[in-house]
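J.: Chains as they are written, first to last, in our numbering: chain A, 788 to 1017; chain B, 203 to 420.
By construction, these hints were calculated from the structure, which means they are not laboratory data.
Warning: the hint list may mix true and false statements.
To be verified - Below, a list of computed lysine-lysine pairs in the DSSO-like style, where the Cα atoms sit at most 30 Å apart:
id	chain 1	residue 1	chain 2	residue 2
1	A	K888	B	K316
2	B	K316	A	K897
3	A	K997	B	K316
4	B	K316	A	K876
5	B	K316	A	K925
6	A	K835	A	K897
7	A	K852	A	K1005
8	B	K316	A	K936
9	A	K925	A	K873
10	A	K803	B	K341
11	B	K389	A	K936
12	A	K936	A	K965
13	A	K804	B	K285
14	B	K341	A	K804
15	A	K1008	A	K876
16	B	K341	B	K285
17	B	K389	A	K925
18	A	K925	A	K936
19	A	K969	A	K845
20	A	K841	B	K316
21	A	K965	B	K316
22	A	K854	B	K316
23	B	K285	A	K803
24	A	K915	A	K876
25	A	K915	B	K316
26	A	K1005	A	K876
27	A	K833	B	K316
28	B	K316	A	K873
29	A	K956	A	K854
30	A	K876	A	K936
31	B	K316	A	K835
32	B	K230	B	K285
33	A	K925	A	K897
34	A	K915	A	K845
35	A	K845	A	K1005
36	A	K835	A	K936
37	B	K316	A	K852
38	A	K845	B	K316
In this text the structure is predicted, and so the values were computed from the model without any measurement.
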Amino acid sequence: MSVQTQIGNNIQGNDKKIVIAMASIGLICAFLIVLTYQGTFSTIEKNKAEALEKAIFKVIPGISKTKAYQFNQDQTFSATNSNDAKIQKVYAGYDSTDQLKGIAIQANGKGYGEVLNVLYGYDPDNQKIIGFFVLESKETPGIGDNIEKESFMANFNALDAALNDDFTKIKNEITTVKQGKKTNDWQIDGITGATITSRAVGNILSASTKLWVPLVYKNKKSFLINDNSK
Amino acid sequence: MSLISHKKSEKGFFNSIADHPSTDEFIKGVWRENPVFVQVLGMCPSLAVSNSAINALAMGLATAFVLLMSNILISLLRDFIPKQVRIASYILIIATFVTLTDYTIQAISIDLHKSLGAFIALIVVNCIILSRAEAFASKNSVGKSILDALGMGLGFTFALLCIGGLREVLGSGSFFGYEFMPYFFEKWVIMVLPAGGFFTLAFLLLIFNSYKMKNSKA
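Based on the provided sequences and hints, a complete structural model is requested.
T.: Here you go:
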């Protein structure tokens, strides 16, 4: 009551009251946000893990199970069950006869507005990217989010990610070209009107493949399921 | 000015519900002052996220929730917020509830969160919410503000569902993902594209206004 009448009497108000009001509203808001964040965190993490699992099945066609591998300091991969988000992981996909079909790798980078988080499937036997999926995007609806349309996805049915002769570097860097100008297997056919977003996809894939594909290829034996271990 | 008028409504929460023709506060938002069809506010989400019934429903409910919660908090704090910083305070409160909604939708379904995309964050700048805060919640009791928010929120959801439902039926031959159109039905692809949103809205406004004009003449 006292606060109400005080403000009523001083309609002009003074700086102190304004600061106090803004600060207390800010505190209330911060408290509410933290409370909700804490309350929903575990469910959101669980949902994200499920969405990732589904996405792995999409980027590596024809698989029936997946397995997570963590990247170790000594540049090798080892199987892991850890849910720690800080560990860099890749996911191997196997068909019903336990044959390795591909490796799903997560990559992110700057889109048109916010961070674009994508997952792509890499087939080490054919040295190609065989699938692509947008995990998280805040691209402009109707324009930038066209990267999730099937016509754009067709770029990733067999995108060349071959290594050079000593398997240490990508032979041809993945790039995005103007719509309809794709002439080589390692080029992504861009989207007119969504130039920045489709280029961002090219850049993200290019940066990620440069780093991960040589490592995954070098260690490709460690992803095979050893039949003797059964 | 607005601060002085607050003094009228210093009654208890329950008294004010009983005193007022409260059903009218509720009905006006749904029908007579429908935010989309009559006030023509909040056009961005109405046109953009209404390409399917489920997106329209989710967006409508998310907006209604933010509207309800921010109306309650703003009405509670209406005598405490200095006039000079009221808009900044309202935006802060609205943005908080949008953040809460964002987390909640992510907890409910990642797919839904993905299909609503950037629009959840854009609820902050939805003019329906700010206009209800400025025009109603800042001048009325909590009880009335709740009714106002429920009415407006429901009215917005209803309008979005009308647009979304019509666009989905004609554009995808389905309703809430359930395909029911006969096999020979040719989908009107334009209806799910942005242009379809404008056509549908114009069509519904035409019906709404011609109905209103008929009624006012009678």
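J.: Now tell me if each hint is right for this structure.
T.: Hint by hint, here is what the structure shows:
{"no.": "1", "hint": "A:K888 / B:K316", "result": "holds, 28 Å"}
{"no.": "2", "hint": "B:K316 / A:K897", "result": "holds, 18 Å"}
{"no.": "3", "hint": "A:K997 / B:K316", "result": "holds, 28 Å"}
{"no.": "4", "hint": "B:K316 / A:K876", "result": "holds, 23 Å"}
{"no.": "5", "hint": "B:K316 / A:K925", "result": "holds, 9 Å"}
{"no.": "6", "hint": "A:K835 / A:K897", "result": "holds, 20 Å"}
{"no.": "7", "hint": "A:K852 / A:K1005", "result": "holds, 23 Å"}
{"no.": "8", "hint": "B:K316 / A:K936", "result": "holds, 14 Å"}
{"no.": "9", "hint": "A:K925 / A:K873", "result": "holds, 23 Å"}
{"no.": "10", "hint": "A:K803 / B:K341", "result": "holds, 23 Å"}
{"no.": "11", "hint": "B:K389 / A:K936", "result": "holds, 18 Å"}
{"no.": "12", "hint": "A:K936 / A:K965", "result": "holds, 17 Å"}
{"no.": "13", "hint": "A:K804 / B:K285", "result": "holds, 11 Å"}
{"no.": "14", "hint": "B:K341 / A:K804", "result": "holds, 20 Å"}
{"no.": "15", "hint": "A:K1008 / A:K876", "result": "holds, 16 Å"}
{"no.": "16", "hint": "B:K341 / B:K285", "result": "holds, 12 Å"}
{"no.": "17", "hint": "B:K389 / A:K925", "result": "holds, 28 Å"}
{"no.": "18", "hint": "A:K925 / A:K936", "result": "holds, 15 Å"}
{"no.": "19", "hint": "A:K969 / A:K845", "result": "holds, 24 Å"}
{"no.": "20", "hint": "A:K841 / B:K316", "result": "holds, 14 Å"}
{"no.": "21", "hint": "A:K965 / B:K316", "result": "holds, 27 Å"}
{"no.": "22", "hint": "A:K854 / B:K316", "result": "holds, 25 Å"}
{"no.": "23", "hint": "B:K285 / A:K803", "result": "holds, 14 Å"}
{"no.": "24", "hint": "A:K915 / A:K876", "result": "holds, 20 Å"}
{"no.": "25", "hint": "A:K915 / B:K316", "result": "holds, 28 Å"}
{"no.": "26", "hint": "A:K1005 / A:K876", "result": "holds, 16 Å"}
{"no.": "27", "hint": "A:K833 / B:K316", "result": "holds, 16 Å"}
{"no.": "28", "hint": "B:K316 / A:K873", "result": "holds, 23 Å"}
{"no.": "29", "hint": "A:K956 / A:K854", "result": "holds, 26 Å"}
{"no.": "30", "hint": "A:K876 / A:K936", "result": "holds, 27 Å"}
{"no.": "31", "hint": "B:K316 / A:K835", "result": "holds, 11 Å"}
{"no.": "32", "hint": "B:K230 / B:K285", "result": "holds, 27 Å"}
{"no.": "33", "hint": "A:K925 / A:K897", "result": "holds, 11 Å"}
{"no.": "34", "hint": "A:K915 / A:K845", "result": "holds, 15 Å"}
{"no.": "35", "hint": "A:K845 / A:K1005", "result": "holds, 24 Å"}
{"no.": "36", "hint": "A:K835 / A:K936", "result": "holds, 21 Å"}
{"no.": "37", "hint": "B:K316 / A:K852", "result": "holds, 25 Å"}
{"no.": "38", "hint": "A:K845 / B:K316", "result": "holds, 16 Å"}
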